[in-house]
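Colleague: Once you have looked at the hints, place chain B on chain A.
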Amino acid sequence: MYVAVKGGERAIDNAHDWLAEERRGDPSVAELSVAQIREQLALAVNRVMAEGSLQDADLAALAIKQARGDLIEAIFLIRAYRTTLPRFGATEAVDTGAMACDRRISATFKDLPGGQVLGPTFDYTHRLIDFALAAEGTPPEQPGPEAPEGAEQPMPRVMEFLNREGLIETPEPGEETPRDVTREPLELPADRALRLQVLSRADEGFLLSLAYSTQRGYARNHPFVGELRIGTVPLEMEVPELGFSVEIGEIALTECETVNQFTGSKSEPPQFTRGYGLVFGQSERKAISMALVDRALRWEELGEDDQGAPAQDTEFVLYHADNIQATGFLEHIKLPHYVDFQSELELVRKLRRESATRPAREAEECA
Amino acid sequence: MEEPNAETAARKVRMGRLAKAPEGRVAALLDACLDRPGFDWLRAPEIGSVMVRGRAGGTGQPFNLGEVTVTRCALRLASGEVGHAYLKGRRKADAEAAALVDALMQTDAAARLQSGVLEVLEDEARTARASRAARAATTKVDFFTMVRGED
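Line order of the protein sequences matches chains A and B.
Going by the working numbering, the first residue of the first sequence is number 8, and it counts up by one from there.
Going by the working numbering, the first residue of the second sequence is number 16, and it counts up by one from there.
Next comes chain A alone, as it looks inside the complex:
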C-alpha cells in the first residue's frame, strides 16, 4: 500500500523541466525530427508498434522521441494513447499468403516456388562497426534494379508442400470472433487465439528468452523455420454504413511458421506440428520467438507430456509477457511506501527486542 503525500509539486515541476532539457541534450547538436526517427530508426519504431499493439509509425516515432529512446516508456505512451481511441471495428483476417514479400526464406526447403528472397537483412553481415556511417554521408545512389522476370510472382506457403503429403497438421479453419485482451480481463483457460494475441504484443526479450529455453531443452520441440516472410498485406474492413468491405490501407507484417517434430500421441499420428508467429512490422526475432513459444504452449491440445517447463506454463507465460503490466507493478515500488515501511520497521524492532531478551529468559527457565 502507498499513501498520498503532498508537498512535492515544485520538486516535480523542476524535475520535469530538467527532463525536458536532458531529452534535448546538447543544443549545439541538431534536434531529431519525428520523421528522422520514423525513417532511420525504423526497427525501434516497429518494436514500439508491436508491443504497444498499435500500428502508427509517426506516433511510435514521437513516443520514442518523448521517451528519450526508452522503448518500454515509449510503448507505455502508445498503450495509454490507444485507450483514448474509439474502436471503429475489426478487419477481416489478413491473408498473409498473398503478402507482397520483401523477404521470404525457408530453412526446410531450398528450392521452393518464389525462391529464397533475403530482403534487407542483417544476416550475413559481419557485425563489425561500420565507421563509414559515422561520417554522415549519404549512401551512393543505387541504380534502379533491373526487374527480373516474374518479380511479382506469388509466393505460396511452404507449409502447403508438406500438407500435400499429409505429413503436417492443418490448422482448423474457423470464423469465431476471437477473445480480446484489450476488451476483457485475461482469464484462463486461454484458447490459442487469445494466447497468440498476448504473444504478439508481448515483450520481445521475454519471448526470446522463453523461446531459447525451449531450444535448450525446457520443453524441447525441435523447431525448424519452415517459413519466414516479411512484407505488406492489405487491410480490409466491413464498413457498416456502406454494407460492404473496403481496403483501408496496407500494413507491414512479419510471419514465422515453424515445423516441429512430433512423434504422435494417443490421439494424433506421427507428423509435423506447427508453431506460429505474426508480428507488426519487420520483427523477425520476435516472430520466431513467438512461434516457438506458441508451439510449446500447445502441449496439452497435442497430448504431449507436461514437463513442467516455464514455456509450457500458460499462466506463467501469459501473465508475465506484457512489459507494461510488468513495468507498472515493478516500478510502483519506488513510490512512497512510508507507512508500510514504518510498520515493518516497528515489527523488526519488536522482534529484535524479543530475541535480545529471550536468552536471558531461557537461562532463567533452565535454572
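Calculated directly from the structure, the hints in this document are not laboratory data.
Given the structure is predicted, the values throughout are model-derived calculations rather than measurements.
Certain hints may be false.
Stated by the list, open to error - Among chain B residues calculated to face chain A with C-beta under 7 Å, some are:
1. 63
2. 77
3. 97
4. 102
5. 155
Claimed, not checked - Listed next, the in silico DSS-like pairs over lysine-lysine satisfying Cα-Cα at most 30 Å (straight line):
6. A:72 with A:341
7. B:155 with A:117
8. A:341 with A:357
9. A:72 with B:107
10. A:341 with A:13
11. B:27 with B:107
To be verified - Covered stretches of chain B, as calculated for chain A (at least 3 residues, CB under 8 Å):
12. 65 to 71
13. 119 to 129
We put the beta carbon where it would ideally sit given N, CA and C, even for glycine.
Modeller: Same frame as chain A, but now just chain B:
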C-alpha cells in the same frame, strides 16, 4: 445504368485506392483536376482504431493481432451525393479529400477524376509495387552445386 453490384464493386475498388494513396497525394491530384465543391459533413473526420486480425497458422482460427489508427469521415455535396472515407493513419485532410473524390465520382465529374486521380494513383501504386518487388528479387538466392572433388 450500371447494375448496383457493378457500382458497389467499382466503389470498393476506388475507396481502396484512395485509402492506400501516400499522404497528401489524393488532395494534390484532386485540386489539380477541379475546384472543390461545397459540402456538408455527415460525419466530420474522426480518428479511432481498428483491430487487425490474423489467423493461427496463417489459415486457421482468427485472432486479434493489434490495432491500427484509422481516420473516417462522411460528407454530402450540395448536389446530394454522399462520399465516405476510411483510411489507415491519423490523416484528416486525406480523409476529406478521399471522401470528396468518392462523392464526386457519382457526379458528372466522374470521367475527369477517373483519369486525373484514380488512374494516376493506380499507375503510381503499380510502379511502386513493381519496383519494390524488383528490389526484393535482386536479393533472391541463386543456388548452384559445387562440383565434388572425387574422380
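Colleague: Work down the list of hints and note, for each, if the structure agrees.
Modeller: So, going through the hints one by one against the coordinates:
The beta carbon of residue 63 (chain B) comes within 4 Å of a beta carbon in chain A, closer than 7 Å, and the hint placing it at the interface holds. With 7 Å as the threshold, the beta carbon of residue 77 (chain B) comes within range of chain A, its nearest partner Cβ sitting at about 4 Å, so the hint holds. Taking 7 Å as the C-beta cut-off, the interface hint given for residue 97 (chain B) is violated, the closest approach to chain A being about 9 Å. Taking 7 Å as the C-beta contact cut-off toward chain A, the hint placing residue 102 (chain B) at the interface holds, the least distance being around 5 Å.
A hinted interface residue such as residue 155 (chain B) counts as satisfied when its beta carbon comes closer than 7 Å to some beta carbon of chain A; here the least separation is about 5 Å, so the hint holds. Taking the CA atoms of residue 72 (chain A) and residue 341 (chain A), the gap is about 24 Å. The hint holds against a cut of 30 Å. Taking the CA atoms of residue 155 (chain B) and residue 117 (chain A), the gap is near 12 Å; set against the 30 Å cutoff, the hint holds. Proposed proximity of residue 341 (chain A) and residue 357 (chain A) is supported: the alpha carbons are some 26 Å apart, at most 30 Å.
Simply put, residue 72 (chain A) and residue 107 (chain B) have alpha-carbon atoms about 23 Å apart, close enough for the 30 Å limit, and the pair holds. Using a Cα cut-off of 30 Å, the hinted pair residue 341 (chain A) and residue 13 (chain A) holds, with the two alpha carbons roughly 16 Å apart. A C-alpha spacing of about 20 Å is found between residue 27 (chain B) and residue 107 (chain B), which places the hinted pair at or below 30 Å, so the restraint holds. Closer than 8 Å: that is the beta-carbon criterion, and the segment 65 to 71 of chain B has 7 residues meeting it against chain A, so the requirement of 3 holds.
Three residues within the 8 Å Cβ limit are the bar, and the segment 119 to 129 of chain B against chain A gives 0, so the coverage statement is violated.
Checked against the numbered hints above, the structure violates hints 3 and 13; every other hint is satisfied.
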